[in-house]
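Take the sequence shown: its position 34, counting from 1, is numbered 35 in this note's numbering, and each next residue is one higher.
Treat each hint with caution, since some may be false.
[Claimed, not checked] Computed cross-link-like contacts, EDC-like style, restricted to lysine to aspartate or glutamate with a CA-CA straight-line distance of at most 20 Å:
id, residue 1, residue 2
1, Lys4, Glu17
2, Lys248, Asp225
3, Lys102, Glu143
4, Lys153, Asp187
5, Lys217, Glu240
6, Lys377, Glu388
7, Lys377, Asp342
8, Lys99, Glu151
9, Lys168, Glu75
10, Lys309, Asp270
11, Lys168, Glu184
12, Lys312, Asp269
13, Lys99, Asp72
14, Lys249, Asp270
15, Lys265, Asp211
16, Lys153, Glu108
17, Lys186, Glu143
18, Lys265, Asp311
19, Lys231, Asp219
20, Lys416, Glu369
21, Lys135, Glu266
22, Lys148, Glu108
23, Lys338, Glu413
24, Lys374, Glu436
25, Lys231, Asp211
26, Lys416, Glu388
27, Lys135, Glu192
28, Lys102, Glu184
29, Lys188, Asp130
30, Lys265, Glu470
31, Lys338, Asp392
32, Lys265, Glu145
33, Lys73, Glu108
34, Lys249, Asp211
35, Lys248, Glu301
[Said to hold, decoys possible] Restraint ranges, calculated between C-beta atoms of paired labels, are given here:
id, residue 1, residue 2, range
36, Pro261, Leu223, 18 to 24 Å
37, Leu506, Ala485, 28 to 34 Å
38, Asn450, Lys234, 29 to 35 Å
39, Asp72, Glu145, 25 to 31 Å
40, Phe316, Phe381, 36 to 42 Å
These are computed hints drawn from the structure, not numbers from a lab. Idealized CB from N, CA, C, for every residue including glycine.
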Amino acid sequence: MLKWAIELNAFDISYEPRKAIKGQAFADFIAEMTRPNFEKNVATRWTVYVDGSSTQSGCGAGIICQSPEGDKYEYAMRFNFQTSNNEAEYEALLAGIKMCKAAGAQEILAFSDSQLIVSQVNGDYEARDPNMIKYMQAVHQEVEHLKSFEAKQIPRTEDNQADALSKLASSASCDTPRHVFWEVKDKRSIEQELCAPTVPVLDRSSTWMDPIIAYKMDGTLLDDSSLAAKIQKKSSWFEWWNGVLYKKSFSRPLLRCVTPEKGKEILDDLHQGLCSSHIGGRALAEKALRTGYYWPTLREDALVMVQKCDKCQRFAHLIHRPARPLTPIMSPIPFAKWGMDLLGPYTAAPGGRRYVIVVVDYFTKWVEAEALKNIKTSDFETPKLKEWLADHGIHSCFASVGRPQANGQVEEFNKIISEGIKKKLDEAKGLWADELPNVLWSIRTTAKNSTGETSFLLAYGAEAVLPIEMCEPTLRVMLYDENANWEMMKLALDFLPEVRGNAALRQQLYKIRMTTVANGPNGVVVSLITG
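Let's have the full structure, built from the sequences with the hints guiding it.
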């Protein structure tokens, strides 16, 4: 350093060594000069305003999509088919969601002035009209894979732009401003999206059916000799017909084979779908089998589904040994003996309904229930009712309030109905009356352990077609012929007395076993009724 100072001094340049920087001064400098790295809160939610219009001159929809950056896109759609105002609102909502998804939206906020549509989409209202149900399901399918979706109702004055576009689209003239996107739609959205998407997605993954199908089609076997022999032996239980693999069954002529993934969808629909009541695992497996489906893990999948069902676990009832010996009541004639009881009070349903009257046939287990506003036990003890029963030759007796076991048949169904309603509803407890028919349908189409048959079969002579069979057709649905069906129904009614006789015998044997288990080997034994 001294050498450099001497050389620089010849040029009148003085060298001053740099002083040490104080620690606090350096810290103040860094704090003052460092720019904070603020994270920008980037909006990612798209906003869509929709409105539908249905007039005598035509039907249409207006949609306004707004990007997170604030850019607006106006969209007018004219329908070449007649719709109601609610259907036009649904068409507008579906079109708006699809437009936002096409632009890459993952979060959508939809505004509409229709209280009905918004409430149905949010689950506050129940859709009863078949078209409304299909539209609501189509909306749920569209928003299923979005990060977030929210529908809100706004006053008509705040939706005036979309309202103007919908009226423009439904008017007879087609003079549309240049900045408005225009489209003419020929088909309803629900006609294209019912049960299956328009473009099917082919699953190329290997399934348990592939080796059997290959052997049935052209005799191809696996390279492994042991597996090949197993497939060859197993294939005798299967039939390949019209591009679908079926399994021969002891309970049904042919069962449609499906993959375990499709089977879980079928079980989910039977367990907690439209006409279901959260039945147990074994009953669920039997119902899937009786409906006409098969896959290797059917029983295990049904048991696992019920074990994982939150509502089934929360509302499961505790089983207790009866305090007195069990005395079963026999009724070998259908609809000859009915049990009746009252349920309630529940949360007030529309119309002020809080009670349910339940009647059950002792033989077929057919159950009827009706929601009522006001009812009490004394209403059944009036002289007028007793006179009416006597005129029709109907014998009646009343079970003591302190001993409900005397009416145990109805008490058991009361428990099934109550649990079915609880498991189907979450917070909307006031909708129990609307859910009651679905629970009853599930009970009627589920086979009972005592008879081995469903109540529907014992009452009408044939099994009912379930909703899942429309989306995943079984053999009887695929081969349905209206004329032949009437002839087969007549034959089924001729054979119905024999079916009921076998069911009565199974019921009597079942009650003997049940009595032995409940009362012990020295308990009451019931004689078989053969007449």
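Evaluation of the provided hints:
1. Lys4 to Glu17: Given pair lysine 4, glutamate 17 holds - Cα atoms ~13 Å apart, limit 20 Å.
2. Lys248 to Asp225: At roughly 24 Å apart (the allowed maximum being 20 Å), aspartate 225 and lysine 248 break the hint.
3. Lys102 to Glu143: Holds, at about 9 Å.
4. Lys153 to Asp187: It is violated: about 28 Å lies between the C-alpha atoms, which goes past 20 Å.
5. Lys217 to Glu240: holds, 8 Å
6. Lys377 to Glu388: holds, 19 Å
7. Lys377 to Asp342: holds, 10 Å
8. Lys99 to Glu151: holds, 15 Å
9. Lys168 to Glu75: holds, 13 Å
10. Lys309 to Asp270: holds, 15 Å
11. Lys168 to Glu184: With a Cα-Cα distance of about 14 Å, the restraint between lysine 168 and glutamate 184 holds, given a limit of 20 Å.
12. Lys312 to Asp269: holds, 13 Å
13. Lys99 to Asp72: Holds, at about 17 Å.
14. Lys249 to Asp270: Cα-Cα ~24 Å, so violated.
15. Lys265 to Asp211: Given pair lysine 265, aspartate 211 holds - Cα atoms ~19 Å apart, limit 20 Å.
16. Lys153 to Glu108: holds, 14 Å
17. Lys186 to Glu143: Judged against 20 Å, a Cα distance of about 18 Å means the pair holds.
18. Lys265 to Asp311: Roughly 16 Å between the alpha carbons, so the hint for lysine 265 and aspartate 311 holds.
19. Lys231 to Asp219: Roughly 17 Å separates the two Cα atoms, so the pair holds.
20. Lys416 to Glu369: Distance ~14 Å between lysine 416 and glutamate 369 Cα, so the pair holds.
21. Lys135 to Glu266: holds, 18 Å
22. Lys148 to Glu108: Roughly 6 Å between the alpha carbons, so the hint for lysine 148 and glutamate 108 holds.
23. Lys338 to Glu413: Within the cut-off at roughly 16 Å; holds.
24. Lys374 to Glu436: holds, 16 Å
25. Lys231 to Asp211: The hint holds at about 14 Å.
26. Lys416 to Glu388: violated, 31 Å
27. Lys135 to Glu192: Within the cut-off at roughly 9 Å; holds.
28. Lys102 to Glu184: With Cα atoms ~17 Å apart, lysine 102 and glutamate 184 stay inside 20 Å; holds.
29. Lys188 to Asp130: holds, 19 Å
30. Lys265 to Glu470: The given pair, whose Cα atoms are some 14 Å apart, holds under the 20 Å limit.
31. Lys338 to Asp392: Distance ~17 Å between lysine 338 and aspartate 392 Cα, so the pair holds.
32. Lys265 to Glu145: Measuring from Cα to Cα gives roughly 18 Å; hence the hint holds.
33. Lys73 to Glu108: Holds, at about 16 Å.
34. Lys249 to Asp211: holds, 17 Å
35. Lys248 to Glu301: Since the Cα atoms of lysine 248 and glutamate 301 sit roughly 18 Å apart, the hinted pair holds (cutoff 20 Å).
36. Pro261 to Leu223: 18 to 24 Å: holds, 20 Å
37. Leu506 to Ala485: 28 to 34 Å: Because 31 Å falls inside the window, the suggested range holds.
38. Asn450 to Lys234: 29 to 35 Å: holds, 33 Å
39. Asp72 to Glu145: 25 to 31 Å: holds, 26 Å
40. Phe316 to Phe381: 36 to 42 Å: violated, 29 Å
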